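Asker: Going down the list, the protein sequences come from chains L, V and A.
Take the first sequence: its letter number 54 is residue 53 in numbering that gives the first Met the number 0, and every next letter is one higher.
Take the second sequence: its letter number 37 is residue 36 in numbering that gives the first Met the number 0, and every next letter is one higher.
Take the third sequence: its letter number 225 is residue 224 in numbering that gives the first Met the number 0, and every next letter is one higher.
Some hints here could point you the wrong way.
[Unchecked claim] Covered by chain A, per the in silico footprint, the following chain L stretches (three or more residues, Cβ under 8 angstroms): (1) 1–9; (2) 15–29; (3) 33–44; (4) 84–96; (5) 119–129.
Honestly, the hints are just simulated from the structure, not real lab data.
Values in this document were obtained by computation on a predicted structure and should not be read as measured data.
Note that the Cβ used here is the ideal one computed from N, Cα and C, for glycine as well.
Listed here are the chains, written in short residue letters.
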Amino acid sequence: MTPRHRRMATITVLVVGMGLATALILRAFNENLMYFYSPSEIAAGKAPSARDFRIGGMVVVGSVERNPESLEMSFTLTDYAHQTRVSYAGILPDLFREGQGIVAHGRLTPEGSFIAHEVLAKHDENYMPPEVAASLKPQSLPTTAANAP
Amino acid sequence: MNDFFAMGGYAAFVWPAYGLTAVVLALNAILPCRRERALLRQLAAEAKRQGSQ
Amino acid sequence: MFASWHKYASLMHFHALSQRVSPWCFGLSAVLFAAGLIGGLGLAPTDYQQGESFRIIYVHVPSAWLSMFAYIVMATAGALSLIWKVKLGEVIARACAPLGASFTALALVTGALWGKPMWGTWWAWDARLTSELLLLFLYLGYIALQAAIDDRRAAARAGAVLALVGVVNIPIIHYSVEWWSTLHQPATITKLGAPSIATSMLIPLLLMAFASQVFFFAVLLVRTRCEILEFERHTQWVKALVGRSSMPTVIA
Chain L
0 MTPRHRRMAT ITVLVVGMGL ATALILRAFN ENLMYFYSPS EIAAGKAPSA RDFRIGGMVV
60 VGSVERNPES LEMSFTLTDY AHQTRVSYAG ILPDLFREGQ GIVAHGRLTP EGSFIAHEVL
120 AKHDENYMPP EVAASLKPQS LPTTAANAP
Chain V
0 MNDFFAMGGY AAFVWPAYGL TAVVLALNAI LPCRRERALL RQLAAEAKRQ GSQ
Chain A
0 MFASWHKYAS LMHFHALSQR VSPWCFGLSA VLFAAGLIGG LGLAPTDYQQ GESFRIIYVH
60 VPSAWLSMFA YIVMATAGAL SLIWKVKLGE VIARACAPLG ASFTALALVT GALWGKPMWG
120 TWWAWDARLT SELLLLFLYL GYIALQAAID DRRAAARAGA VLALVGVVNI PIIHYSVEWW
180 STLHQPATIT KLGAPSIATS MLIPLLLMAF ASQVFFFAVL LVRTRCEILE FERHTQWVKA
240 LVGRSSMPTV IA
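Could you build all of it, start to finish, from the sequences and the hints given here?
Answerer: Below, the structure is given as structure tokens:
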């Protein structure tokens with residue numbers, strides 16, 4: 000084994016070892032690396048009940064109800080398997096709209112609805128001019144599938 | 000033209016992003032070139048001092 | 000092979016070659032940037048969801064790609080210098096770090112400027128944003144290490160080890176949006192299948208990405224020349240080179 004081979008072996012071991020160690024750490028902390036829970040995970044009882052967490056999903060079309068007197072509003076989030084009702088009072092991002100993916104930060108009530116203190120919009124990885132979007136049928140838009148958590 | 004600069008109401012986000020990019024590109028181009036010139040000048044001065052000794 | 004290359008000759012030849020190549024790289028990147036800007040700000044249509052704010056993509060995505068590409072160059076150069084003792088690897092790795100750090104910072108800031116109007120927040124501790132921030136810290140750590148160790152060869156070795164340890168972060172950045180739920184959207188261009196972006200929007204993006212790539216190489220060549228001059232300042236060829244170029248007209 001020449002010194003060069005030894006150095007090569009050392010560095011290979013270093014990089015592979017780092018990769019393995021990182022993979023194990025990331026596996027252990029997988030839960031914490033998730034930015035949000037889906038309505039299905041909440042239905043399965045995987046979401047924390049004692050502290051704040053984030054929920055992500057699509058806003059069901061036609062589910063948004065606004066209180067005309069205040070900023071209070073509520074809407075239904077879905078991941079196409081389960082649904083969660085979310086209530087919120089505050090400023091919404093520009094991209095908030097029905098059929099759009101959003102992430103809400105807040106707490107689950109004992110009754111199973113979600114009270115949010117912050118609502119963020121998720122946008123998808125598709126970019127196109129409005130004419131092209133209009134010519135695609137809503138159900139064939141890749142938006143819905145890609146944005147579902 | 001005003002429409003262009005207004006960026007559909009997002010001017011406050013779009014133009015700073017482009018402006019900062021321009022600054023980063025300019026600094027990346029100018030600073031190393033100046034450093035190279037200064038370095039050459041410095042090395043030339045050193046060489047001259049050693050040559051005259 | 001690599002090891003038998005004449006150590007000084009390879010740096011000297013790279014120095015001479017880079018002086019011929021770097022002006023062309025600067026010129027080419029300027030032309031590509033101009034074309035990309037005309038396409039991105041002028042010709043590309045408005046996005047159906049994000050309106051005009053999506054135009055930040057033309058500065059955000061190229062700098063984000065470059066932030067990772069520069070790291071791969073830095074780590075590869077570091078590996079070459081460690082395994083084959085290629086001196087050129089040492090100087091290139093050192094030249095990469097400030098470039099990579101500046102483009103990582105730019106990707107983070109332009110991303111925040113995009114996130115505020117679209118997501119509703121400047122920052123989120125999701126896996127993509129956090130791993131990109133870690134990349135910035137890796138670059139800054141490398142730069143600090145170079146500044147802290149006086150012996151250039153020892154500094155280069157320590158830096159190369161740090162760069163190789165941090166390489167694991169690159170696939171994490173890329174796949175973070177698939178492995179975990181994130182606020183950041185998944186990849187558009189590099190996903191399997193056709194890119195989900197209209198062609199009129201895609202072409203300026205590719206132009207801007209190519210422009211920044213060429214720009215990166217142009218600056219890398221200049222920075223590498225500086226590192227070579229400092230590294231080899233006591234050698235005969237540098238003294239000869241400096242003697243030739245010590246006429247004021249050449250320096251100015």
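Asker: Give a verdict on every hint.
Answerer: Evaluation of the provided hints:
With 3 residues having a Cβ less than 8 angstroms from any Cβ of chain A, the stretch 1–9 of chain L passes the three-residue criterion, so the hint holds. Under the rule that three or more residues need a Cβ within less than 8 angstroms of chain A, the assignment of the stretch 15–29 of chain L holds, with 5 such residues. Here the stretch 33–44 of chain L counts 5 residues with a CB under 8 angstroms from a CB of chain A, which clears the bar of 3, and the coverage holds. For the stretch 84–96 of chain L, the assignment as covered by chain A holds, since 6 residues bring a beta-carbon within under 8 angstroms of that chain's beta-carbons and 3 suffice.
For the stretch 119–129 of chain L, the stated coverage by chain A holds: 11 residues have a C-beta nearer than 8 angstroms to a C-beta of that chain, and at least 3 were required.
Every hint, counting from the list given before, is met by this structure.
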